[in-house]
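**Q** Listed below, chain by chain, are the residues.
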Amino acid sequence: MSAPLSADLAQIGKSVVIKGELSGSEDLYVDGQVEGSISLKNNSLTVGPHGQVKASVEAKGLIVQGKLEGNILASDRVDLRKSAVVTGDISTQRIAIEEGAYLKGKIDIQGGKAEKAVGK
Amino acid sequence: MKLFRGSTGGGTEATPSQAAQKLVRRSSSLGELARVWQTETPLCVLDLGSTSASNIRFFTERSHKIYSEDLLVASTDPNLATKDEQGNRILDSRRFLADNLVYPAAHFDVVLCWNLPDYLDESLVRPVMGRLWSVLKPGGMMLAFFHTKDAGPDSPCYRFHIVGKDTLEMQPIVLRRETRRGPTGAVHTAVSEGFRLQRVFNNRHIETLFRDFASIKFFLARDNVREVLVVR
Chain H
1 MSAPLSADLA QIGKSVVIKG ELSGSEDLYV DGQVEGSISL KNNSLTVGPH GQVKASVEAK
61 GLIVQGKLEG NILASDRVDL RKSAVVTGDI STQRIAIEEG AYLKGKIDIQ GGKAEKAVGK
Chain G
1 MKLFRGSTGG GTEATPSQAA QKLVRRSSSL GELARVWQTE TPLCVLDLGS TSASNIRFFT
61 ERSHKIYSED LLVASTDPNL ATKDEQGNRI LDSRRFLADN LVYPAAHFDV VLCWNLPDYL
121 DESLVRPVMG RLWSVLKPGG MMLAFFHTKD AGPDSPCYRF HIVGKDTLEM QPIVLRRETR
181 RGPTGAVHTA VSEGFRLQRV FNNRHIETLF RDFASIKFFL ARDNVREVLV VR
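Residue numbers (my numbering), protein chains in the order written: chain H, 1 to 120; chain G, 1 to 232.
Since the hints were made in silico from the structure, they are not lab data.
By construction, the Cβ of each residue, glycine as well, lies at the ideal position given by its N, Cα and C atoms.
Be a bit skeptical, because a hint or two may be false.
[Unchecked claim] Computed Cβ-Cβ distance ranges for the label pairs, DEER-style: (1) Ile18/H <-> Asn203/G: 23 to 33 Å; (2) Arg25/G <-> Lys82/H: 23 to 33 Å; (3) Glu32/G <-> Gly111/H: 25 to 35 Å; (4) Lys14/H <-> Val73/G: 17 to 27 Å; (5) Lys19/H <-> Ala34/G: 43 to 53 Å; (6) Asp8/H <-> Arg126/G: 29 to 39 Å.
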């Protein structure tokens, strides 16, 4: 399932490769490769099914459908879809993990309860 | 030790109905472990099975920290394949342990091994158990399940979900077919082979495997599974 795209969503397509620091104040959809760090403190990041992110991520919300390697700090929630492959520690308020998602790392739920998982 | 490694054939592919099939079983060893995580003190738990949302929820709701690391999937890394002095195919345990189970010594209060020893490649079993001993705190506990001799080589590998203090939901791990477009635009299809039972440990083998631990407790179940709880 692809994430819904909207006009307020910046997109990094499949063929795009970025190395460095990414920051912004709009939602971001990554279906290409990003290496470095991503900071979207008040916005959401979606790693699409072809996305390969090797970066520390700070965002309000995070949806992962592809590969992500790096520590995650999400102030609101993290969604790992069934095709997600995540290596890194996750710190968030709520997390949802679909059956089949792969996670290697620590899960730290900050100041709240773990949300009922999606598609268990 | 009864070895199944000679049996080939790529594994029986689970059908979607098998995939949907979830078995619920009581676990006495889990019930005993439940006393540990009823504590107010936050614990550090390492889950070595398939990533389970239920288990993550179970522990985080109780304010414990959980680490998830699927060692069976990690052991399928093709870069691990090498040969021993006799030319037999083995997996490079040093390389495996350089990339996996990398934690400070005495870090965890509880390790959930599930049925990992029965399905892990022979060359990795002892090195992995040695590393698990070192990352467990003194007094820390590890849970492992072993098939009895009545189990056949096609006994399915399960993912384990904790659904109650002494209740598990078991779900057969199905083969995953993955199709992706590569950088050149070509379509690649990867088919996971699934996991086959590698061997059956008897009680003496299990005691030898955990000889460095302070104590070992067996729980016999009706479904050809021996539950084992060891304390460092």
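**Q** Hint by hint, note whether the structure agrees.
**A** Structure-based check of all given hints:
For Ile18/H and Asn203/G, the hinted distance range of 23 to 33 Å is not satisfied, since their beta carbons lie about 56 Å from each other. At about 25 Å, the CB distance of Arg25/G to Lys82/H agrees with the hint of 23 to 33 Å. The given range of 25 to 35 Å is respected by Glu32/G and Gly111/H, whose C-beta atoms sit roughly 31 Å from each other. Lys14/H and Val73/G have their C-beta atoms about 25 Å apart, which keeps the hinted 17 to 27 Å range intact.
For Lys19/H and Ala34/G, the Cβ-Cβ distance of about 47 Å falls inside the hinted range of 43 to 53 Å, so the restraint holds. A C-beta distance of roughly 55 Å is found between Asp8/H and Arg126/G, which places it outside the suggested range of 29 to 39 Å.
Checked against the numbered hints listed earlier, the structure breaks hints 1 and 6; every other hint is satisfied.
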